[in-house]
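Chemist: Listed below, chain by chain, are the residues.
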Amino acid sequence: MIKKFSLLALCSLSANAEVNVLANGTLETTACAYGRGSVAILEAKNQASIELANFIKGNKSLSAQATTQQISSSLTDDAATLYQKKRSLMLAGLNSMAMPLNYSSPTLSGNDTCMKVSLDPNQLGASEEQNWQEDSHDISVTVIGEGWAKKGKSALVNAEQDALQRAVSQVVGVWLSQQYAQSSSTEMSIVDGNESMHMRELIGQQLSSHSEGLVKEWQTLKTKALQGAGMQVTLLAVVEKAPLVQQASQLLSIIGSPRVKVFAPEPLKTELKAWLNQQGIEVGDSASLAIYAQSELVKRENNRRLHLSIDVRDLSGNIYGNWKNDPSLMSLPKDPHVEQDLLAVYLASPSQSRALHLALNQAFTQVVARGGLVREILLPNQKLTEPEMLHDVLNTLGGVSDVAIHKRNDYTVASLRYKGNTGELANAVDQAIGTITSKTLSKIKIEDDFTLRYK
Amino acid sequence: MKLVKKLTLSALTLALLAGCQSTQKPGSSTQVAKVSNRASNAIVAKSAYDFDNSDITMPAYFDTQGLGNCIFDSNNENNNCPLKKPIIRMYFDLAGVSGSGIGVDAMREFDNNQLLLMLENQFAGINRFRIVTRDDDTISKEQQIVLEQQGTKVLAKRAEVKALLPDFVMKIDSLRTLKTEGSITDWADYTLELTTGVINPQTREKLSHPNLGKIRVKSEDVRDRSELKYTMVSGRYVAGFHLDQSAHVNAVLSDMGSRGIDILLTRMLSEMPATAQVLGIKGNKISLDRGQNAGVLPNETMIIFTYEAGFVEPIGVANVKPSRSSANGEIIRWKNSSIADEIKSHSKEGIYRPANGVKIFAVSVGTPADFLENRT
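Chains as they are written, first to last, in the numbering used here: chain X, 1 to 455; chain Y, 1001 to 1376.
Treat the hints as calculated values from the structure; they're not laboratory data. A hint or two may mislead.
Straight-line C-alpha distance at most 30 Å; calculated DSBU-like pairs for lysine-lysine [stated by the list, open to error]:
1) X/Lys299 x Y/Lys1157
2) Y/Lys1348 x X/Lys116
3) Y/Lys1046 x Y/Lys1321
4) X/Lys269 x Y/Lys1153
5) Y/Lys1162 x X/Lys334
6) X/Lys273 x X/Lys261
7) X/Lys269 x Y/Lys1141
8) X/Lys45 x Y/Lys1359
9) Y/Lys1285 x X/Lys116
10) X/Lys150 x X/Lys216
11) Y/Lys1157 x X/Lys261
12) X/Lys324 x X/Lys261
13) X/Lys116 x Y/Lys1359
14) Y/Lys1084 x X/Lys116
15) X/Lys273 x X/Lys299
16) Y/Lys1153 x X/Lys324
17) Y/Lys1153 x X/Lys334
18) X/Lys150 x X/Lys224
Please read these numbers as outputs of a predicted model, since none were measured by experiment.
Construct the complete structure from the given sequences, taking the supplied hints into account.
Modeler: And the structure:
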């Protein structure tokens, strides 16, 4: 056995750093790297594993030819066979830096930091198989729904409907959390957990209104009668991933990039418009959302800093979000162009730009969460035959919420929130309002994204 | 003469009587001392080559904390790492000069900003603190030039890195006085007094350490008295030193401030000596685990001592030269003691590495002997 190891000793000498072989077959070496701290330690570790790899490369087997060199350490037969068995494994592991090596605590030696590194072949397990989980096309979820007889539908149908909506909502949740876990650079970069919960509920709500198209198949597992002639059903629903993902991303992109109008003094306006375009947010004069921005130069001796404040409002003045820059990031010397320079730098700054984008997205999400944008419908007073019914009629329209009515000059003004676009609202209102108005009422006219007027 | 004799006699009798009355003399641990009004001077270490055996004693404020807790990343260093340096911002404050008179107005117009920057530079060099500069003009000018030469994106990326947040505020308070005799031909006698406070900006606590005391600089330290001579006739300046013109007065005050800062530096180096652990001794050569990173200066005079169970034994004095993260030195004189002899004999045979609970450290004595010559 002494013979077997004599070659190893020779090789280790030629490799400059000494690799010692202990009786149980453990290989041990010391490596040093210039410097201090984690960088130096890592370098020393790498150096050591290279030494070990070189050592193993140079020694195909432990049954080498006899030489005159003698080493004091004696190796057991077991250790030698183990070495032969594990040699290729050790080499591959060392080359890919994935070998379980034992490290001593680092010691200092002049300018260098040194590590003693050992490799014990006994500790090597069999190579593990990796189990890649196949991506499935469908997701099955078990959900419970409740329902009571309403609007001509039986309690069972309503309970099933409720359960299916919950199923879709659940799967949306899974998709969203996976989406954010996988990439931090999605269009909607949502940071904290609350925000993603919020999104999940929001998108689940929006999508579940057409859950039929998303649920591939379902079966009833259990039914139970509830108080007041209600039903509770437990369903196993299979939700198809592809259409759900498509619809959810569509929704996300709508929230992510609506059209906005910009109100700001120059040069902020131009800079901001350019930035919004870069971010894929469309800017136009006939937009339903407005961005109000203000900038102010703050003087401190010879230097100037910039305070920037941006609001997202709808046309009726509700504020959905607000962002302020971090003025401490930089200052520039007094100069005629200092404001422009600072603006350009702030909008180019990764952290500031990200924060602004996030603030805008949160504001846009707020709009959806609060039930859509506010619109005003103007009706001439004398053509409204049943003004007391207006509130109820508008409220029954799908997607409408927060209806409020007041009078302005000769008009009755109904302000409301609607989830869809203005055209859809106009159609829906036109169909519903006929019963409570006189026949001479004109066609509805869309004046802008905010105002719908009858004559 | 007679009177003197009588007095002496009576004094003797009194003393004898007192001696008889009580067998024990009342103890006294205090004495009257004079409050010094003299100008301060710099105190620096002796060169290791000039040390005698009896000079090899322990300086105060050594620190035997090892580097075991260090992660060697200056921005997130462990609190228990001796290489962690407090981040400070410096202020140089001049007390306002009130009153009126021919020289007073000129003294009032004194710009302390340049002195502050000088202070920052000098303190940064001794590496006891990390200093956040207040040189805003240079920084914003630099940002403007980067904007011009590298463009918006590069500057925006740079601006993402925030300035260091100071742990402490160091404030130099100063007092200026002018003394004249009021005769026709006279000399202006300026005095500048500096004190240093280290303040925790959150708790407003003024820290007790480092205690740099008060530094007094007089105009005669920086100018020959004849240079400050002037002549006045009926309250108006006629000839000699222009004590009525701020440019001339500022020149003198700046020199005094600069001298004050030099003395401040030497006191700081005595208050906060550099300590390093000795990794090995080979012959007279020593290898230390810290260098520039712990504020070891070139030609540092360091006392080498063993540290065991809370007791320190100086074993020699060395002249040390630092490199970035370690230092090398030579023991110039070993102390005459059995411990020193034992270590000396071990180190002759090869590299002696302290073990078994004994640690060897090196601590600087104060400002290196040639520091004032080369660095101020």
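Chemist: Against this structure, judge whether each hint is valid.
Modeler: Each hint, compared with the structure:
With a C-alpha separation of about 23 Å, the suggested pair X/Lys299 and Y/Lys1157 falls inside the 30 Å cut-off, and the hint holds. Distance check on the hinted pair: Y/Lys1348 and X/Lys116 sit about 27 Å apart at the alpha-carbon level, within 30 Å; holds. Proposed proximity of Y/Lys1046 and Y/Lys1321 is supported: the alpha carbons are some 16 Å apart, at most 30 Å. A hinted pair counts as satisfied when its Cα atoms are at most 30 Å apart, and X/Lys269 with Y/Lys1153 qualifies at roughly 20 Å.
About 21 Å separates the Cα atoms of Y/Lys1162 and X/Lys334, which keeps this hinted pair within 30 Å; it holds. Between the alpha carbons of X/Lys273 and X/Lys261 the distance comes to roughly 9 Å, so the proposed pair stays at or under 30 Å and holds. Between X/Lys269 and Y/Lys1141, the direct Cα distance comes to roughly 27 Å. Compliance with the 30 Å bound is thereby established for this hinted pair. In summary, the hint linking X/Lys45 to Y/Lys1359 is supported, as the alpha carbons are separated by about 27 Å, within the 30 Å threshold.
A hinted pair counts as satisfied when its Cα atoms are at most 30 Å apart, and Y/Lys1285 with X/Lys116 qualifies at roughly 26 Å. The suggested pairing of X/Lys150 with X/Lys216 holds, with an alpha-carbon distance near 26 Å, which does not exceed 30 Å. Note on Y/Lys1157 and X/Lys261: the hinted pairing holds, with a Cα-Cα distance of about 29 Å set against a maximum of 30 Å. For the hint pairing X/Lys324 with X/Lys261, the CA-to-CA distance comes to about 19 Å; that is within 30 Å, so the pair holds.
Under the criterion of a C-alpha separation no larger than 30 Å, the hint pairing X/Lys116 with Y/Lys1359 is consistent with the structure, at around 22 Å. In summary, the hint linking Y/Lys1084 to X/Lys116 is supported, as the alpha carbons are separated by about 27 Å, within the 30 Å threshold. Distance hint between X/Lys273 and X/Lys299 is fulfilled; the C-alpha atoms sit about 26 Å from each other, no more than 30 Å. Pair hint Y/Lys1153 plus X/Lys324 holds up; C-alpha atoms about 20 Å apart against a cutoff of 30 Å.
A threshold of 30 Å between alpha carbons decides the hint, and for Y/Lys1153 with X/Lys334 the separation of about 21 Å falls inside it, so the pair holds. A C-alpha spacing of about 18 Å is found between X/Lys150 and X/Lys224, which places the hinted pair at or below 30 Å, so the restraint holds.
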